[in-house]
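Student: Sequence:
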Amino acid sequence: MTKLYFQVDVPTRNSVQPERCGLHVFTGAAETESDALRIAREACDAATAAREAGFAIPRRRPDGWGARGMRSGWVLDWEAATVVVWEHDRAFWAFPAQGGVGPGG
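For the sequence shown, position 87 (counting from the first letter as 1) is numbered 86 according to numbering that gives the first Met the number 0, and the numbering increases by one without interruption.
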């Protein structure tokens, strides 16, 4: 089966200040939506375990998944997570790497 690139959006809230909430976004390749959700959770669990052990949060895995930006004290609501095929605008990648502006600017 061909792998697609997925986006997994997981609602998150601050455990000390519950009114502070947001969304943690994971992206990467997977064969199905359920695989994408499982892999995103694995990446999150690995990041949490590393942080709790006093290590740096791992960078992206070879398959593209990672969990950079995980914050202590924030709780992810995996039951409310949504998964979609990630449809990005390829023109975004055409912008210069440093400085400058994109087309038309």
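Bear in mind the hints are in silico, worked out from the structure with no lab data behind them. Yeah, the Cβ is synthetic: ideal placement off N, Cα and C, and Gly gets one too. Please note: incorrect hints may appear among the correct ones.
[Stated by the list, open to error] Cβ-Cβ distance ranges computed for the label pairs, FRET-style: (1) Arg19 / Glu51: 35 to 43 Å; (2) Asp8 / Arg60: 33 to 41 Å; (3) Pro61 / Val15: 33 to 41 Å; (4) Asp62 / Val15: 31 to 39 Å; (5) Lys2 / Arg58: 16 to 24 Å.
[Stated by the list, open to error] Result set (EDC-like, lysine to aspartate or glutamate): computed pairs, CA atoms no more than 20 Å apart in a straight line: (6) Lys2 / Asp34; (7) Lys2 / Asp62; (8) Lys2 / Glu51; (9) Lys2 / Asp76; (10) Lys2 / Glu30; (11) Lys2 / Glu32.
Student: Is it true that the CA of Lys2 sits at most 20 Å from the CA of Asp62?
Tutor: Since the Cα atoms of Lys2 and Asp62 sit roughly 10 Å apart, the hinted pair holds (cutoff 20 Å).
Student: Check whether the Cα positions of Lys2 and Asp34 lie no farther apart than 20 Å.
Tutor: holds, 10 Å
Student: Compare the distance between the alpha carbons of Lys2 and Asp76 with 20 Å, and conclude whether the hinted pair is satisfied.
Tutor: Not OK: Lys2 and Asp76 at ~26 Å, beyond 20 Å, violated.
Student: Assuming the hint says 35 to 43 Å, is it satisfied by the Cβ distance from Arg19 to Glu51 or not?
Tutor: At roughly 21 Å between Cβ atoms, Glu51 and Arg19 fall outside 35 to 43 Å, so the hint is violated.
Student: Hint check: Lys2 vs Glu51, CA-CA at most 20 Å. Holds or violated?
Tutor: Roughly 32 Å between the alpha carbons, so the hint for Lys2 and Glu51 is violated.
Student: Lys2 and Glu32: Cα distance at most 20 Å?
Tutor: holds, 10 Å
Student: Mind checking the alpha carbons of Lys2 and Glu30 for me, to see if they're no more than 20 Å apart?
Tutor: holds, 4 Å
Student: Given the range 33 to 41 Å, decide if the beta-carbon distance of Asp8 to Arg60 lies inside it.
Tutor: Given about 19 Å between the Cβ atoms, the range is violated.
Student: Could one say that the CB atoms of Pro61 and Val15 fall in the range 33 to 41 Å?
Tutor: For Pro61 and Val15 the Cβ distance comes to about 35 Å; the hint holds.
Student: Does the Cβ-Cβ separation between Asp62 and Val15 fall within 31 to 39 Å?
Tutor: Taking Cβ atoms as reference, Asp62 and Val15 lie about 34 Å apart, which means the hint holds.
Student: Is the hinted range of 16 to 24 Å satisfied by the C-beta distance from Lys2 to Arg58?
Tutor: Given a distance of about 20 Å, which is inside 16 to 24 Å, the answer is holds.
Hint check: violations occur at hints 1, 2, 8 and 9; the rest are consistent with the structure.
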